[in-house]
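In order, the protein sequence lines correspond to chains A and B.
Count along the first sequence from 1, then add 2; that gives the number in the working numbering.
Count along the second sequence from 1, then add 12; that gives the number in the working numbering.
Bear in mind the hints are in silico, worked out from the structure with no lab data behind them.
Be aware that one or more of the hints could be misleading.
Unchecked claim - Derived Cβ-Cβ restraints for the label pairs, each shown as a range:
#, chain 1, residue 1, chain 2, residue 2, range
1, A, Asp-100, B, Asp-281, 57 to 67 Å
2, A, Glu-119, B, Ala-81, 43 to 53 Å
3, A, Arg-177, B, Arg-222, 39 to 49 Å
4, A, Lys-92, B, Ile-201, 40 to 50 Å
5, B, Ile-201, A, Arg-137, 39 to 49 Å
6, A, Asn-172, B, Pro-92, 25 to 35 Å
7, A, Asp-30, B, Arg-170, 30 to 40 Å
We treat Cβ as the ideally placed atom computed from N, Cα and C, and that holds for glycine.
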Amino acid sequence: MYRRPTREESTTLRRAFHWWGIFEFLQDKPLSIKDQINDSAKQVYLLTPEVEGISLGRVLAHAGLMIGILKKKFMLSMAGADLVARESKKFPHVVVDDDAEKAILYGKNILGESIVENTEIIVENQHLIILNLHREAIGIGMTKYHGKYLSQRGIATVTTLIDAGIYLRNEQRRRGNL
Amino acid sequence: MKTRTFSTSSESYALSRKYGYDEWIVERFLRYMPEVKNCLEEMEKTPRQYIRANSLKINSGGLKQRLLAKGIELEETSLPEVFEVKKSPFSIGSTLEYLLGYYYIQDLSSCLVVEAMDLCENLTVLDMASSPGGKTSFIAQKMKNTGCIVALEPNSLRLRPLIFNLSRCGIINTCVFRMDGKKSPELNIKFDRVLLDAPCTGEGIIGKDRSRKISHKPEDIEACTILQMELIEAAARVVKPGGLLIYSTCSFAPEENEFVINSLIDKFDIKVEALPFGSEGLTFFAEYNFNNDMKNTRRLYPHLHNTMGFYIAKLRVNS
Numbered sequence: 003m004y005r006r007p008t009r010e011e012s013t014t015l016r017r018a019f020h021w022w023g024i025f026e027f028l029q030d031k032p033l034s035i036k037d038q039i040n041d042s043a044k045q046v047y048l049l050t051p052e053v054e055g056i057s058l059g060r061v062l063a064h065a066g067l068m069i070g071i072l073k074k075k076f077m078l079s080m081a082g083a084d085l086v087a088r089e090s091k092k093f094p095h096v097v098v099d100d101d102a103e104k105a106i107l108y109g110k111n112i113l114g115e116s117i118v119e120n121t122e123i124i125v126e127n128q129h130l131i132i133l134n135l136h137r138e139a140i141g142i143g144m145t146k147y148h149g150k151y152l153s154q155r156g157i158a159t160v161t162t163l164i165d166a167g168i169y170l171r172n173e174q175r176r177r178g179n180l
Numbered sequence: 013m014k015t016r017t018f019s020t021s022s023e024s025y026a027l028s029r030k031y032g033y034d035e036w037i038v039e040r041f042l043r044y045m046p047e048v049k050n051c052l053e054e055m056e057k058t059p060r061q062y063i064r065a066n067s068l069k070i071n072s073g074g075l076k077q078r079l080l081a082k083g084i085e086l087e088e089t090s091l092p093e094v095f096e097v098k099k100s101p102f103s104i105g106s107t108l109e110y111l112l113g114y115y116y117i118q119d120l121s122s123c124l125v126v127e128a129m130d131l132c133e134n135l136t137v138l139d140m141a142s143s144p145g146g147k148t149s150f151i152a153q154k155m156k157n158t159g160c161i162v163a164l165e166p167n168s169l170r171l172r173p174l175i176f177n178l179s180r181c182g183i184i185n186t187c188v189f190r191m192d193g194k195k196s197p198e199l200n201i202k203f204d205r206v207l208l209d210a211p212c213t214g215e216g217i218i219g220k221d222r223s224r225k226i227s228h229k230p231e232d233i234e235a236c237t238i239l240q241m242e243l244i245e246a247a248a249r250v251v252k253p254g255g256l257l258i259y260s261t262c263s264f265a266p267e268e269n270e271f272v273i274n275s276l277i278d279k280f281d282i283k284v285e286a287l288p289f290g291s292e293g294l295t296f297f298a299e300y301n302f303n304n305d306m307k308n309t310r311r312l313y314p315h316l317h318n319t320m321g322f323y324i325a326k327l328r329v330n331s
């Protein structure tokens with residue numbers, strides 16, 4: 003069942019949207035929450051007012067675009083990362099080269115030498131968006147080091163948490179092709 | 013109604029032997045299809061591949077440039093968003109641009125179905141059999157991600173690819189119900205547009221799935237026709253007065269196409285509107301005569317229109 007966010011959830015989401023630079027873009031748009039059975043994680047959906055009107059209180063399989071997961075904190079989904087890359091002017095990210103782009107789409111972590119640019123202030127264990135040279139979101143990662151050390155050669159300095167290729171890889175696994 | 017079969021002929025015998033079809037199918041084709049041999053010949057070839065640019069994420073020109081840089085050559089079609097893939101060094105479904113939702117691999121015929129819906133922003137639309145989401149996402153694109161699309165899919169296994177494709181394409185204006193289209197009146201919603209891309213025997217996609225040359229029987233057409241009649245009647249009940257109902261199948265069989273529409277317009281106040289592509293629908297088949305308006309429905313043939321075999325009817329529901 004889809005529902006509107008509670009006041010507490012809205013506060014957490016607003017804070018996260020500020021962090022990712024999409025607060026203004028999202029402030030007048032409806033969001034829905036889908037609670038997960040046997041899981042504390044809740045899915046956060048962006049939808050149109052008309053979809054919100056139809057979906058609230060009904061049992062349905064899906065409504066709108068799942069932009070992230072809300073536990074104690076909000077975590078972006080790939081669709082959410084895409085939204086940030088398109089709409090936000092300032093957000094934590096690294097830009098990687100073409101070889102790394104291919105590797106990331108197979109779920110590989112990022113080697114320091116493949117990072118061609120990163121945002122100024124990045125701390126250890128920070129979530130960020132992985133961009134390719136076209137500045138498109140291809141994954142979401144977590145730093146293993148402070149920003150100053152992200153370009154160390156021969157070391158995976160960013161762990162890839164989600165990437166744009168994950169669904170197709172899972173489908174291939176399901177069919178036994180991988 | 014019982015599927016019409018005919019005594020076979022030397023021509024149907026020769027063609028069915030040459031192309032590996034059950035003879036009853038070819039004999040039926042000979043009764044209504046223009047240039048049957050050319051059609052069978054065309055369906056032996058590797059089907060043409062089309063992609064549709066997702067303008068919610070990239071414009072057609074930008075996509076064309078990106079893919080050309082990867083050695084993928086595209087050719088324009090009658091629709092500005094749709095390109096035929098003329099050459100690709102690798103599978104067209106394995107590019108980053110595909111994963112990012114910049115395009116959808118979809119036959120031109122499917123895109124023409126959506127084109128027939130006269131879509132604009134802020135409509136309320138029902139897609140009665142939506143997985144894997146090609147037409148649904150094109151509808152969303154035509155509506156510029158506004159308004160609401162209610163997408164139905166009864167099969168839980170088919171929900172995963174549908175939701176993936178909607179997400180990949182950045183669709184926010186769609187909600188998906190796990191529901192049989194026959195139950196759509198239970199939603200208590202009236203729609204500006206309803207798309208029924210009906211389950212069918214798939215005679216039109218033999219080029220993609222050769223097993224269909226021999227895998228279906230006349231009884232399968234009957235079973236599909238019954239289901240299609242039930243679905244289209246449910247569809248007609250949920251269209252707002254003045255709204256549009258688009259019916260399509262990927263079958264050539266008149267029982268799944270003109271018969272269904274003819275029977276619907278006998279029961280409802282519906283006008284069949286003309287479409288600017290394809291060949292005219294049939295006004296007769298064997299001893300059966302259809303309403304003359306069936307001419308306004310459209311048939312797409314692989315050998316004439318460079319698409320999969322398709323049937324499309326555009327119906328204005330008056331009340």
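Now the hints, each set against the structure:
1. Asp-100(A) to Asp-281(B): 57 to 67 Å: 59 Å, holds
2. Glu-119(A) to Ala-81(B): 43 to 53 Å: Violated - the Cβ-Cβ distance for Glu-119(A) and Ala-81(B), about 21 Å, lies outside 43 to 53 Å.
3. Arg-177(A) to Arg-222(B): 39 to 49 Å: 21 Å, violated
4. Lys-92(A) to Ile-201(B): 40 to 50 Å: 41 Å, holds
5. Ile-201(B) to Arg-137(A): 39 to 49 Å: 40 Å, holds
6. Asn-172(A) to Pro-92(B): 25 to 35 Å: 34 Å, holds
7. Asp-30(A) to Arg-170(B): 30 to 40 Å: 34 Å, holds
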